[in-house]
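Each protein sequence line maps, in turn, to chains A and B.
Residues 1 to 287 (our numbering) are what the first sequence spells out, left to right.
Residues 1001 to 1616 (our numbering) are what the second sequence spells out, left to right.
None of these hints come from the bench; they were simulated from the model.
Heads up, some of the hints might be wrong.
As the list claims (entries may be wrong) - Taking lysine to aspartate or glutamate and the DMTMM-like style, the derived pairs with C-alpha atoms no more than 25 Å apart in a straight line are:
1. B:K1376 / A:E139
2. B:K1376 / A:E113
3. A:K53 / B:E1540
4. A:K53 / B:E1607
5. B:K1169 / A:E39
6. B:K1475 / A:E204
7. A:K212 / B:E1607
8. A:K69 / B:E1510
9. B:K1281 / A:E20
10. B:K1169 / A:E108
11. A:K17 / B:E1466
12. A:K98 / B:E1510
13. B:K1169 / A:E113
14. B:K1277 / A:E100
15. B:K1475 / A:E208
16. B:K1077 / A:E20
17. B:K1376 / A:E108
18. A:K212 / B:E1466
19. A:K53 / B:E1466
20. B:K1376 / A:E67
21. A:K68 / B:E1173
22. B:K1376 / A:E204
23. A:K68 / B:D1504
24. A:K53 / B:E1405
25. B:K1518 / A:E93
26. B:K1281 / A:E271
27. A:K17 / B:E1367
28. A:K68 / A:E38
29. B:K1376 / A:E100
30. B:K1077 / A:E39
31. A:K69 / B:D1166
Stated by the list, open to error - One-sided and incomplete, this derived list gives chain B residues near chain A with beta-carbon spacing under 8 Å:
32. F1122
33. A1374
34. T1528
35. V1532
36. P1534
37. E1596
Unchecked claim - If you want the footprint, here are the derived chain A segments under chain B, 3+ residues with CB under 8 Å:
38. 63-74
39. 124-134
40. 229-238
Quick caveat, the model's predicted, so the values are computed rather than measured.
Note that beta-carbon positions come from the ideal geometry of N, C-alpha and C, so glycine has one too.
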Amino acid sequence: MMKFALFLGCTIPARLKQYETSSRAVLERLGVELMDIEEFNCCGYPLRNIDFKTYLLASARNLALAEKKNLNVMTLCQCCYGALKKADYLLKENPSLKKEVNAVLQQEGVSYEGKIEVKHLLSVLDQEVGVEAIRKRIEKPFQGLKIAAHYGCHALRPSQIVRFDDPGNPSIFERLVNVTGAESIDWLMRLECCGAPLLGSHDELSTEMTLKKLNNGRESGANYLCTACTYCQIQFDTVQQMILSRQGSNSPLPSLLYPQLLGLSMGIPPEPLGLKMNKIPIREIGS
Amino acid sequence: MDKHLIFYLMFIPTVILFIWGMSLRVSIWLEGTLERTENLTKREKLKILLRKGWMNFWGRPVWYIKILIIDVIFHRKLFSQSLFRWLAHTLLVFGFVATFIVDMIKGFTTGYLVELSHSVPFFSFAHAFKTGGIRPFLDFFLEFFSFLILVGCVLAMIRRFFIRPDQLKTEEEDIVTLCFILYLVLSGFFIEGYRIAHPEVTASRVYMADFTPASSNNWVSFFGYFLSLFLKDITINPHFLWYAHVIPCLVWFVYIPHSKLLHIFTASMSVISDRQKALVKNHETSINLESPFGSGLPSAQPPIPFDHGFHGGKIKSHAFLNKIFALFRSLIKIHPKYFPISSMGKNLSVIQLIGLEACVRCGNCSEQCSVAVAFKRIPNINILPSRKIASIKALIFGKALSPQELKDIQEGVYLCTNCLRCTVVCPVSINLQDLWFTVREILLQRGYPEFLMLSPLSFYRGLMREGMFQNDYQKPLIRAREAIADQGELMRTKDKTLHLTPTDRTFQTELNLSVQAKTFSVCFGCQTCTTVCPVVTHYENPQEALGLLPHQIMHATGLGLRDLAFGSNMLWDCLTCYQCQEQCPRGVCVTDVLYEIKNLAIQHTKEKMLQLEGKR
């Protein structure tokens, strides 16, 4: 039995519940058991610009809590993934940093010794569950659906630390899209940033990045974009809708979360997949 | 003199004082904003609120009564959170409500109805209440419900003074309130015990009505009877005992609007308003119900400009009352959260002001806060939600705060990932996240730069941009960047000769947080990082927009040119996509170096600003 501590982070429960519900629905059918640790806090990612050690402490606390329960961590958000991976790497690499962080954590009776692993949803599906096992579960394979898989920076890079896939030519996401029967298209900007990290601090730049990717996806013939990250999805869904309504334009490239796509092909009913919660409507998918 | 007369002589002023206190509070809440009521007077706002509330209630009375019973009186949320706390709270609430009801029935029937039955025979059933079969039940339930209050009070005291959970912060007000309740219940039982022990007291009608239990010699009045066993040989002036119980009861009544007990009203309003919002949200199209307090989205109104001193916003008509109150306060030390409400408070909505007073400092929010862990590194108490609300209360209710305190509050309300946890766990359903958002926007307009804005913590603000004023949105962001860039002298002097040997070696040594940050030194200037940077390629003239480009920042770091690195927009426009770091042929961790330079830039700017303020 595959068992993970599910790390949701801050944004999913507040603004992207469908990512949680769809992931749970999919993973349950694939035999992955998810444990919830209520004491988890912010992954630390938003604090990296401000104070390195505060980031590290926040991250390490999560790792320590999971280690205490002897569970590997699975994240849904790639920014959480990147932050936790980096912290894990630093603490394993640098004993004096580990000592400093653990000194604070011990006030709460926990510490991190580096005995667990941090995984992302996609790597769990690809490596732990396996594409073949997923294929057996596909009940309603898509036909003629073109999907632009968006990788997300913080899962892919820095590759030396995250070890997610080949940073220059990754294939995991395409593999997982193809197993649903959909066709993952090749597109030029698939490894580029979605723009989310600058939303709120430099909106124009942030949304330009988003639009560039969306245009490239559309031009490459995609029907949908597919993401596996909280921030990327909000950027391509909520923010895209904001931009479109500002421009009065009406030709969106809707974005799906990967577990939503997979769930549909597995025949999971729409309710847990939360398709209705996407801001840009998902219509006639799979027909 | 007849006790009835004395009682009413004291009771009527008490009610007047209570109403005065309540209207004072209501008038403070009405200072807040209400959707679509700009430029209306407080009286008009109150009318609108009452009318909407009335209409909503009759629109779906069953729903409201259900909410009142399940969520307010039964307190379902607390029940799911902590059985102990729920038990203590429910014993107190239920005890008070039930005792009040039974006491009313008893007083009404045994006193007035029995009297009335002499002329209206219909009321002769009241005799059953006075001397008949119903009497023991009345006595028993009165005893029992009062005893519940006592147990609840003792449980609450055990938790607050002996168990002392970390999340709980005990203030004077909490101690006063609990001791007050304990005293009232115990003194009541004491009188009862004394009456049972000394029947002659009842016979001489020292007390108001014939309140002495008819069944006083058995265990129906179990606690009073138990006490009476010890009181047989003691004689105290019964009049004194009466005053010692009744006067504090009346004082307590007057004290309610000025104490945490106000949450009886504020928390109910907060909870009902929250459920209303959820109802509207879940049935957006099918239900035509409008919360009297508005949609619950952060206010889209322009902030009312306010003076930098905050505490200057006195309300004119209250000037005289202010003086009296200051005196009153200094005499009996009522919690100093009164007058005047600062002009900042007028930027909050009515329900937010009510919410501030619904908080009983239970500390749930701080316990669940997603970034509370940051407090272990950043010594700013306002990171913790329960302390934020205390500071905001001080700010809103006109306490003069030092510039440092204001800065701390600003930082505290910004250091928030908007994860909604505080709001979800608040037992009285205060929309805390909304409050932080409103307060931080108001504080940002003060003009003090907030460097946390230059991080993904601003993501939520970006999502909420619609409906905010362009100027209010952009200005604080620009201000934060400028404050950092302004610190560098080199940025201002264009033609300066740069030395090739490092001018400022400390800069390099300060990049010491991680091994990765040291890698700048192996950069040989191939510009791969700059070439692959999506931000650089986005601009036609990148240097104009970004200042130094990534490879130049690496080089400037090697040369110790702190100012140039700090002053570059490139730092804050970095997407952290790690393309540069991934592609670097020399293994320079470019993104990580930029991260650390950002940390340093903020830290240095803060220090310099502090120095400058110190000089002034």
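Structure-based check of each hint:
no., hint, in the structure
1, B:K1376 / A:E139, "50 Å, violated"
2, B:K1376 / A:E113, "20 Å, holds"
3, A:K53 / B:E1540, "36 Å, violated"
4, A:K53 / B:E1607, "18 Å, holds"
5, B:K1169 / A:E39, "21 Å, holds"
6, B:K1475 / A:E204, "15 Å, holds"
7, A:K212 / B:E1607, "40 Å, violated"
8, A:K69 / B:E1510, "37 Å, violated"
9, B:K1281 / A:E20, "20 Å, holds"
10, B:K1169 / A:E108, "19 Å, holds"
11, A:K17 / B:E1466, "22 Å, holds"
12, A:K98 / B:E1510, "20 Å, holds"
13, B:K1169 / A:E113, "33 Å, violated"
14, B:K1277 / A:E100, "46 Å, violated"
15, B:K1475 / A:E208, "21 Å, holds"
16, B:K1077 / A:E20, "23 Å, holds"
17, B:K1376 / A:E108, "11 Å, holds"
18, A:K212 / B:E1466, "22 Å, holds"
19, A:K53 / B:E1466, "34 Å, violated"
20, B:K1376 / A:E67, "21 Å, holds"
21, A:K68 / B:E1173, "39 Å, violated"
22, B:K1376 / A:E204, "35 Å, violated"
23, A:K68 / B:D1504, "45 Å, violated"
24, A:K53 / B:E1405, "24 Å, holds"
25, B:K1518 / A:E93, "15 Å, holds"
26, B:K1281 / A:E271, "18 Å, holds"
27, A:K17 / B:E1367, "22 Å, holds"
28, A:K68 / A:E38, "13 Å, holds"
29, B:K1376 / A:E100, "12 Å, holds"
30, B:K1077 / A:E39, "19 Å, holds"
31, A:K69 / B:D1166, "23 Å, holds"
32, F1122, "60 Å, violated"
33, A1374, "5 Å, holds"
34, T1528, "13 Å, violated"
35, V1532, "10 Å, violated"
36, P1534, "6 Å, holds"
37, E1596, "6 Å, holds"
38, 63-74, "violated (count 0)"
39, 124-134, "violated (count 0)"
40, 229-238, "holds (count 3)"
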